[in-house]
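K.L.:
Single-letter residue listing:
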Amino acid sequence: MIRTESLRINGMTCAACASASERAVKRLAGVEEAAVNFATEKMSIRFEDLDLGLDDIKAAVAKAGYEAVEERKDKEITIPVGGMTCAACTKAIERAVGKVAGVSSVAVNFATERAAISYDASATRLSEIKQAIVKAGYTPLALEGSKGVDEHKAAKEREIRVLWTKFAVSATFALPLLYIAMGAMLGWPLPASINAMNYPLRYALLEIALVIPVIAAGYRFYLVGFSAIWRRAPNMDSLIAMGTSAAILYSLYSVLGIANGDFKAVNSLYFETAGVIITLILLGKSLEAVSKGRTSESIKKLMGLQPKTATVIQKGAGNATAEIELPIEEVEEGDLILVRPGERIPVDGEIVEGRTSVDESMLTGESIPVEKSVGAKVIGASVNKNGAIRFRATKVGADTVLAHIIKLVEDAQGSKAPIAQMADIVSGYFVPVVFLIALAAAGTWLLLGHGAVFALTVFVAILTIACPCALGLATPTAIMVGTGRGAENGVLIKSGVALETTHKVDTIVFDKTGTLTKGRPETTDIVVAPGFSEAELLSLTASAEKASEHPLGEAIVRAALERGAPILPVADFEAVPGFGIKALIAGKRILAGNAKLLKAEGIGFGPALDTAGEGKTPMFVAIDGRYAGIIAVADVVKDSSAKAIAALHGMGVRVAMITGDSRRTAEAIARKVGIDTVLAEVLPQDKAAEVKKLQAEGRGDGGRWHQRRPRPRPGRHRHRDRLGHRRGDGERRHRPHALRPHGRPDGHQALEEGDPQHQAEPLLGLRLQRPRHPRGGRPPLRLRGPPAQPDPRGGRHVAQLGIRAHERLEASKIQTIHVNEEVVA
Amino acid sequence: MKKSSFGILVLTLSALAALGLAGCSSTDVVAKVANSSFKAVADASAGRVAWSDEDQAWSLSSPAGDKVSFAADFSRNNSSSGVDFDKPDVEFSFDAAPFIAAGLDIKKLPAVDGIKYELEDGRFMYHFELGADKLAAAAKASLEASFAELVRTQRARIGYHEKLDHYGIKLGGGNMLEWAKDMSKNDKDLVFVLDPAPFIAAGVDPAKIQGWAYAKVETKDDAGKAIQVDKLLRPFNLK
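Protein chains in written order, with my numbering: chain B, 1 to 825; chain Y, 826 to 1064.
Just so you know, these hints were derived from the structure itself, not from any lab.
There are no misleading hints in this set.
Label-pair distances were calculated between CB atoms; the ranges are:
1) ALA441(B) to LYS1033(Y): 47 to 55 Å
2) ASP1007(Y) to TYR179(B): 26 to 34 Å
3) TYR179(B) to ASP911(Y): 44 to 52 Å
4) TYR179(B) to ASP920(Y): 46 to 54 Å
5) GLU67(B) to SER839(Y): 26 to 34 Å
6) LYS1033(Y) to MET185(B): 31 to 39 Å
7) TYR179(B) to SER839(Y): 19 to 27 Å
8) ILE1052(Y) to TYR179(B): 19 to 27 Å
Once the Cα atoms are required to be at most 16 Å apart in a straight line, the calculated EDC-like pairs of lysine to aspartate or glutamate come out as:
9) LYS264(B) to ASP1007(Y)
10) LYS1033(Y) to ASP930(Y)
11) LYS988(Y) to ASP262(B)
12) LYS264(B) to GLU1043(Y)
Glycine included, each C-beta is placed from N, C-alpha and C at the ideal position.
With the rest of the complex left out, here is chain B (with noise of 0.2 Å):
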């Protein structure tokens, strides 16, 4: 049977390093595919399970003088434990909880009351460790802290404060070296008790002091090094070892020189070389830890959005229940939990109780919240903005959306571009020849007459210059900084390969809802009816649509607050799914909605207001059964929009919009940001289709739409939900272009494709998906799940959001991802 592992290898420093671990593994009989990301630092290996075992991969890695470990899967707890009163109870414990399968280790203190736990996370679960606790007679405490997760990312960052240290402490040394030696050239001014020529001894003894510090912060290059050569598998370490130690042998032997009276050998010191090149290495070292650190980061912060605890509602004696706050890594699938308007949903799941909407922009990049009753799919992570819900947990931990973007942002970012295959087989190479030709250089040297000295120096100085950093480490470098700076900008770039093809782009497919538009309504205009005035109607209609906590409510709220409109407490409101809200503010009766609900209630009103050029929502209001006028919200074209669209303009690349508006909404916007081509009218559904329409026209062979949205508020991070892709046949392939879950499609935002040969398109950050038939023909699209929730009150733009849950899915087809103007720009 084929299977796919995941290995981390420790003790890479090059990549050649990377080269060595992979040809090694691809020795192995059995293994179909094995590659090595040096800067991920992780092998991933295809191989027939019958005759190879992980065992036997392992021990060809550590031939090759490196180290495979399987990704740890344990997780480390500490449970806080009551009603230990002897030491006795602890072994009690231990024995309870070491019985537990997949529990591998457990240490309980008598004196802290806590038990170190160490389980596998897929073998067993907390609920029952804490259950063993209990039927052993004690009581398990809330849980202090997981710690599998961050474990390598704490290494990281242990290795970042060596790498520093290291560093500082070489050129603590390397420095003063630097100057005597170069002091003594170039004529600095130096004490005279270390002169060269008149202390040469002393001179010679003081670099060796500082030298000594030098190799001893750099002594991994040696180790490595050295033992990559015995190998006979040299890589960049081994040339520094190499170079350097050729430096300081033939330094020791000028000091032996010097002792014996022979003073000029103290022109032949060469301590300084090996300590700037050793503390130059360091530095770059440290740098590449650094930009690797900082490429996670992103991730951290996508981390971040998870709430640390969750409102648990547990069953108690007959029907009670109580709300019991838990760490989020104690929440499990089934678990009932409370969402509190202004919270963040703790995990995925599935609405039981309440109705709300929730922005799930820092998700999925819909800009306009997004309303959910029973039975929606809620995505953890997201906020509930206005309304109390009580869903069912369906998915925790590595199962939730948030935890597979995080798993395809590192996916990308480990990902490698052609240029950094072919470098990693360049550098492969590259140390042998790079020996042989310092080999070369100081044997013809030789033998053309000059001395041993000037051939030794010749080797040195092509050992010690000829690095292959450039190869090894700025391709991976420059694609972890740059999909880390990315991420930083709202951008997912999601491999190498896209970032390598970004300068093909020649069109760009826009969505306009929070891509050109603000995504945030706003009122546009606001009629007022005989009899009353501007600021009466928006007071009033300002108060109730606070009660109501509505998108479209609070784009009034803020116009009256921008306009000094006071907001008035409400005596008693109702919303009127469908309609819009009635409410009773400062004694007075406030109706807000559609057309519809003020028709239901007997009011008549005047002309409506012509909003359809613009994509304007009309809110009727009627104030003690008179209408009082219309106020309309929009989603306003961005500042930014017309600028970034000229700035691509002016970079030659053509723009396309697509929307499901009407075509003179779309258009009306389209000449105020200077799109040239509008797809107006367009169902979500057949995005895909038109923008296939758009690449059959023959820009380009295929891969050159691109769908880009910018992220509606600068400044924070919008990941587009790419969940969906399956492939049909149960087995997911290596597709190298486009972000991937791992696990199946959530609910509705979930797409089945029928075709296995999903090709991807190259593209900037994304890869325009285009499924193709092994004969070329592509199949059509079959979207799985319910319908988007309905907007309870009606409306175009609330509709909007129906037909945008749908965009989603599209939006997962064609890897849609958000680009911030300052990045188009």
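Chain Y: place on chain B using the hints.
P.N.:
Chain Y only, in chain B's frame:
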């Protein structure tokens, strides 16, 4: 103890040892070899080494009669009233005729701190005052002993001239005495090195001084920087 900790400890101790050694006088190989090489020069001139009771100094003469003297005690010419330059710490003595022939007017020789010029019986004498150190009584025992005391007390004046493979004593005012580090590999066993500037000021055409070379010499300044300087050189082959 972990291997890496042990390694770091060893390296730290090595660094400290190297630093300690650097400060140890026994590592002053220049001083050591300066003494041994000068002894070789003195040994090669055994018949031309003499002690002067009057001057309380040892002298070494070249086959041509040029002479360098080293006082056995530098403190002997120092008193509360000042330095008695008639009893120099080191003295050069050579034939004045070539200088006079080249235009020397001794009255015009500019005063240089620590130096006294004297012309007597056709010989030009350069008196150098190096210090007021009380040299060990053993300095009287031999030229080498006097010299060793000079090196000990005036170590900063001793240097190695890489270009000529010579050692040298800086006598002040740009004047030096140099000798071969290894006489077997050097035909310039002893060299009087004079700063030509005072002579030029006193009317001498340095290029016309018979028996002396007027040349640019590459040397290193106190900071170790290579410099080119004009010098009057009087080399001797003592073999």
